[in-house]
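2 protein chains.
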Amino acid sequence: MADILEHIRVVDFSRIFAGPDATQILGDLGADIIKIEDPEGGDECRYLGVTREELERLTGPSPSFRALNRNKRSLTLDLSTESGRAVALRLIDGADVVVNNFRPGTMERWGLGYDDLHQRKPGLIYCDFHSYGPVGPLSHIGANDLALQAFSGLMSITGEEGGAPARAGSAIVDLHASLAIVGGVLAALYHRERTGEGQRVDTSLMLSAAHLMSYFYKEYWLTGRMHRRMGTANHLSVPNQAFPTKDGYAVIIAPSDEMWRRCATALDPEALDREEYRTASERLRLRKDVIAAMTEVTGKLTNAEVHAKLSAVKVNVAIVQTIGEAADHPQLDAVGGVFHFPEGEGDQRYVGTPFRLHATPGRMHRLPPELGEHNREILAEAGFSEAEIAELKARGAFGD
Amino acid sequence: MADILEHIRVVDFSRIFAGPDATQILGDLGADIIKIEDPEGGDECRYLGVTREELERLTGPSPSFRALNRNKRSLTLDLSTESGRAVALRLIDGADVVVNNFRPGTMERWGLGYDDLHQRKPGLIYCDFHSYGPVGPLSHIGANDLALQAFSGLMSITGEEGGAPARAGSAIVDLHASLAIVGGVLAALYHRERTGEGQRVDTSLMLSAAHLMSYFYKEYWLTGRMHRRMGTANHLSVPNQAFPTKDGYAVIIAPSDEMWRRCATALDPEALDREEYRTASERLRLRKDVIAAMTEVTGKLTNAEVHAKLSAVKVNVAIVQTIGEAADHPQLDAVGGVFHFPEGEGDQRYVGTPFRLHATPGRMHRLPPELGEHNREILAEAGFSEAEIAELKARGAFGD
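If you read the protein sequences in the order shown, they are chains E and P. Just so you know, UniProt numbering puts 65 at position 65 of the first sequence, and the rest follows in order with no gaps. Just so you know, UniProt numbering puts 159 at position 159 of the second sequence, and the rest follows in order with no gaps.
No lab work stands behind these hints, which were simulated from the structure alone. Please note that the accuracy of each hint is not assured.
Any copy, or any two copies together, can satisfy a pair, since identical chains are not distinguished.
Derived DMTMM-like pairs: lysine to aspartate or glutamate, alpha-carbon spacing no greater than 25 Å straight-line [to be verified]: (1) 288 - 160; (2) 300 - 3; (3) 314 - 44; (4) 314 - 78; (5) 288 - 197; (6) 393 - 44; (7) 288 - 54; (8) 314 - 38; (9) 314 - 3; (10) 314 - 40; (11) 246 - 160; (12) 288 - 53; (13) 314 - 108; (14) 309 - 328; (15) 246 - 161; (16) 121 - 193; (17) 121 - 54; (18) 309 - 6.
Using the sequences and the hints, build the whole thing.
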């Protein structure tokens, strides 16, 4: 079976997280992703978050870069030069999708903005990714994942009750935005397939964060209510949080009255299966009491004991795992969530496509590229002659 | 301009968060979403997280239900009855996409599993959404957002350093999974448009969470390193966290050396623009010192002062906003992130589609439905006669 997007070419000017992760997913589905990188070091993600010493030990780019850049070919172009931009234009002529995350106005300044490219190639799908969006009072402010966790109100409801705000430990706004880009581009490809028309797609860290906060905003707009930080608990039901055990923490969720009854009976009927805790609304009202009673019970048990007792009666339970326990858990591999790819002396593992198409599954075709690894190959494919390449090189298209 | 999916019909058996949010987005793009609900109360999300008293005050479903169920019509069906299932089958005959989030085996038991429906209608796109996936050792365990925040390791890196694990304050794994469903369904629709073939799509809370953790898993697989909780900070760069101010918290991010220089100069050159802090790797090594120095400086300023000083020199800065400040911020409305819809005496607001298609934008067509609001309309459209409806009703298809 052919890959879904095997006939699609993406020219990808994006860097760091959301854009690269999105084009990686398009690459999983078979699209040819040409990653345009600055000759001076390339995508900053190549060395983000690692010291020089670590980077040398790794003999290759940072773990984050590797996680987000499989299935791509790398071409270095200095877009500040006319010759670099001329190469970009010629590649776009042979492409279906352009993705970028420069600040508003940058691509336009280079003659690579939507209006220019749409005129040149009406079927092109052009995707902008910004911090706060292309218009509005904040459009020219740069931001990252953390800034949007703060701006969106997510941080105001993350952390201990009465404590300082905390961040969700991963770049969730960025990686969520990746799937918003994927959704927008796929919708536009579908529309183009039916009508022949390309169009502009955009999203932003702000739209991504707002989507993650949508039900809180709706509640605020409807009732004026704003939730607060509650550790691992939330306002929806009780119990619905992590409880300390002898050897760690276990999350226990029993929202319905039937599930609570099973939970209480399995853990300690005397302490928990009490008349006053039997309805969801009463458990919400008596939150503190229920949590104190649960905490006393779980503190006498190990993670494994809590898990065994509750999963036996189909109460939602999960251990607070480390990154390593989660990454290595056989369930992730069992459902195709891990790509294994030959590299060096063995296989390396990568987190797979976040959805599975059974007839045309996403897969890993290529290792994350070295900077400029495919310059010659891509230019030759695009019809540049040796003489032209030499000329472009002399004019600085590929850096010094 | 017609909506992209205006010719697409989705029969949606999903409940609570991820599935309904995904079909809402397909509805934003114009698809006709038929939401199948249990006659006994319908989607549990209708009353999730609100007390009976609050629900009466709201005169309608919960804020969460409203946030996730615009652009749908509601049909009540008792799928435990043969007649209810017969109605479902007839609706699916006229549909393009089926979405469900029952536990593995449930749809199959009802004769509504992929194999049955694919045989009946090869062009159908059939989307399963599970907790841990359709196969593997955990496939039959139920879970929710919180459980996957724990299972995935996200919770192990969220919260204060040395403190208890915390959860990201919103149901981010669920809402992220929504976009994975949207991506999978759109990819399958694109493939069907080109080949006529339908297929099975699936994703899960686990694949969603793994995607949000992908770069941490990659680092662990590559180096064995596992990160820890760091409040609002992270391991990527310094400064990159929230700092307390006179009247709240401000997030400040200056990853590059140039940006750090501007940050230090704008806030307090004497205290911050020091030789030993000038390179990113040194700031990572001297993390504690840099953070202490920054904290002392920001503590003497208000949020507004920090924001003004840093945004003037293009350093990434954001205030830790409340939910209300975020929801009402004019930037969200400016980029089309808010749908305004007439309801009662004025307009109500809803968080919009998380990506924008400029030629064919998502929009709000309908209010979230009342339970069974469209029974008669949907059945009539599907060609059921009055006599048939009465007969089905007598056989319990629509509940008692």
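For each hint, the structure was consulted:
{"no.": "1", "hint": "288 - 160", "in the structure": "both (15 Å within a copy, 22 Å between copies)"}
{"no.": "2", "hint": "300 - 3", "in the structure": "neither (52 Å within a copy, 57 Å between copies)"}
{"no.": "3", "hint": "314 - 44", "in the structure": "between (46 Å within a copy, 18 Å between copies)"}
{"no.": "4", "hint": "314 - 78", "in the structure": "between (58 Å within a copy, 23 Å between copies)"}
{"no.": "5", "hint": "288 - 197", "in the structure": "neither (58 Å within a copy, 54 Å between copies)"}
{"no.": "6", "hint": "393 - 44", "in the structure": "within (23 Å within a copy, 63 Å between copies)"}
{"no.": "7", "hint": "288 - 54", "in the structure": "between (46 Å within a copy, 20 Å between copies)"}
{"no.": "8", "hint": "314 - 38", "in the structure": "between (53 Å within a copy, 21 Å between copies)"}
{"no.": "9", "hint": "314 - 3", "in the structure": "neither (39 Å within a copy, 43 Å between copies)"}
{"no.": "10", "hint": "314 - 40", "in the structure": "between (55 Å within a copy, 22 Å between copies)"}
{"no.": "11", "hint": "246 - 160", "in the structure": "both (21 Å within a copy, 21 Å between copies)"}
{"no.": "12", "hint": "288 - 53", "in the structure": "between (49 Å within a copy, 20 Å between copies)"}
{"no.": "13", "hint": "314 - 108", "in the structure": "between (56 Å within a copy, 20 Å between copies)"}
{"no.": "14", "hint": "309 - 328", "in the structure": "within (24 Å within a copy, 45 Å between copies)"}
{"no.": "15", "hint": "246 - 161", "in the structure": "both (23 Å within a copy, 20 Å between copies)"}
{"no.": "16", "hint": "121 - 193", "in the structure": "both (15 Å within a copy, 22 Å between copies)"}
{"no.": "17", "hint": "121 - 54", "in the structure": "neither (44 Å within a copy, 54 Å between copies)"}
{"no.": "18", "hint": "309 - 6", "in the structure": "neither (48 Å within a copy, 49 Å between copies)"}
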